[in-house]
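*Asks:* First to last, the sequence lines map onto chains A and B. For the first sequence, this note's numbering gives the first residue as 1, with consecutive numbering after it. For the second sequence, this note's numbering gives the first residue as 1, with consecutive numbering after it.
No lab work stands behind these hints: they were computed from the structure. Careful: at least some of the hints might be erroneous.
With a straight-line Cα cutoff of 35 angstroms, these simulated DSBU-like cross-link-like pairs (lysine-lysine) come out [what the hints assert, rightly or not]:
| hint | chain 1 | residue 1 | chain 2 | residue 2 |
| --- | --- | --- | --- | --- |
| 1 | B | LYS78 | A | LYS9 |
| 2 | B | LYS55 | B | LYS73 |
| 3 | A | LYS103 | B | LYS73 |
| 4 | B | LYS55 | B | LYS78 |
| 5 | A | LYS9 | A | LYS103 |
| 6 | B | LYS78 | A | LYS103 |
| 7 | B | LYS55 | B | LYS70 |
| 8 | A | LYS9 | B | LYS70 |
| 9 | A | LYS103 | B | LYS70 |
Which stretches of chain B does chain A cover? Using the computed rule of at least three CB atoms under 8 angstroms from a CB of chain A, they are [claimed, not checked]:
| hint | region |
| --- | --- |
| 10 | 30 to 37 |
| 11 | 42 to 48 |
Predicted, not measured: the structure shown is a model, and the values here were computed from it. No residue lacks a Cβ here, since even glycine has one placed at the ideal position from N, Cα and C.
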Amino acid sequence: NAGVTQTPKFQVLKTGQSMTLQCAQDMNHEYMSWYRQDPGMGLRLIHYSVGAGITDQGEVPNGYNVSRSTTEDFPLRLLSAAPSQTSVYFCASSYSGDRTNEKLFFGSGTQLSVL
Amino acid sequence: AQTVTQSQPEMSVQEAETVTLSCTYDTSESDYYLFWYKQPPSRQMILVIRQEAYKQQNATENRFSVNFQKAAKSFSLKISDSQLGDAAMYFCPPPNTDKLIFGTGTRLQVFP
Numbered sequence: 001n002a003g004v005t006q007t008p009k010f011q012v013l014k015t016g017q018s019m020t021l022q023c024a025q026d027m028n029h030e031y032m033s034w035y036r037q038d039p040g041m042g043l044r045l046i047h048y049s050v051g052a053g054i055t056d057q058g059e060v061p062n063g064y065n066v067s068r069s070t071t072e073d074f075p076l077r078l079l080s081a082a083p084s085q086t087s088v089y090f091c092a093s094s095y096s097g098d099r100t101n102e103k104l105f106f107g108s109g110t111q112l113s114v115l
Numbered sequence: 001a002q003t004v005t006q007s008q009p010e011m012s013v014q015e016a017e018t019v020t021l022s023c024t025y026d027t028s029e030s031d032y033y034l035f036w037y038k039q040p041p042s043r044q045m046i047l048v049i050r051q052e053a054y055k056q057q058n059a060t061e062n063r064f065s066v067n068f069q070k071a072a073k074s075f076s077l078k079i080s081d082s083q084l085g086d087a088a089m090y091f092c093p094p095p096n097t098d099k100l101i102f103g104t105g106t107r108l109q110v111f112p
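The whole structure should be built from the sequences, with the hints applied where relevant.
*Replies:* Next comes the structure, spelled out in structure tokens:
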């Protein structure tokens, strides 16, 4: 049981490049989400999903796309990276769609630098 | 909108001493859950403790306990016998939010 797995752990991009941050969980969790963490800003929600085929926007969705074709995977896509997207990205999941009363399981984060 | 206030951006404590981190929140619901999460320097966010609002008894997990005052909408975290490994960012997300949002948290330093 690996929990929430994020890959890669570190990534450097040039402005305008695209990439996908991977997130997978093996706990059969319905809810998955992506956060970014910047110094002094706490964690800000980018996108979330309450089940396969269902996604919604968080606080800061611009510049990011997501899809949820399976329960296990929730990739985050940067179509055209910008320096403002330099951040640490976290994926999190919880058992059911009612995430307000359930523990969130977090991945170990991806440090992304956009030059 | 559901909000939370962690009024102490930074706190420090001596090893083996006790420290309390404050959290006040706003909600119009009567039944909800409250959480404290910890993020050590390793970046891995982990759950510290959970409180169910309908339970009057304060939650405890080993050296961690809460002081939950529902009427005052206060949910403070008490760490007893502080250890160096308790040094971390601590987050208290607001309850009953469709979009679970973490604020800027409280940074706890532990001195030997």
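*Asks:* State for each hint whether it applies.
*Replies:* Each hint, compared with the structure:
1. Proposed proximity of LYS78/B and LYS9/A is supported: the alpha carbons are some 33 angstroms apart, at most 35 angstroms.
2. Our distance criterion of 35 angstroms between C-alpha atoms is met by LYS55/B and LYS73/B, whose separation comes to about 14 angstroms.
3. Restraint check for LYS103/A and LYS73/B: satisfied, since their Cα atoms lie roughly 20 angstroms apart, inside the 35 angstroms limit.
4. Between the alpha carbons of LYS55/B and LYS78/B the distance comes to roughly 18 angstroms, so the proposed pair stays at or under 35 angstroms and holds.
5. Proximity of LYS9/A to LYS103/A is assessed by CA-CA distance (about 23 angstroms); at most 35 angstroms being required, the pair is judged to hold.
6. As the CA atoms of LYS78/B and LYS103/A are separated by approximately 20 angstroms, the hinted pair is consistent with the 35 angstroms bound.
7. The straight-line distance between the Cα atoms of LYS55/B and LYS70/B is roughly 10 angstroms, inside the 35 angstroms bound, and the hint therefore holds.
8. Distance check on the hinted pair: LYS9/A and LYS70/B sit about 40 angstroms apart at the alpha-carbon level, beyond 35 angstroms; violated.
9. Pair hint LYS103/A plus LYS70/B holds up; C-alpha atoms about 20 angstroms apart against a cutoff of 35 angstroms.
10. For the region 30 to 37 of chain B, the proposed coverage by chain A is satisfied: 4 residues have a C-beta within less than 8 angstroms of a C-beta in that chain, meeting the threshold of three.
11. Requiring three or more residues with a Cβ within less than 8 angstroms of a Cβ of chain A, the coverage given for the region 42 to 48 of chain B holds, as 6 such residues are present.
In summary, the structure is inconsistent with hint 8 from the numbered list given earlier, while agreeing with all the others.
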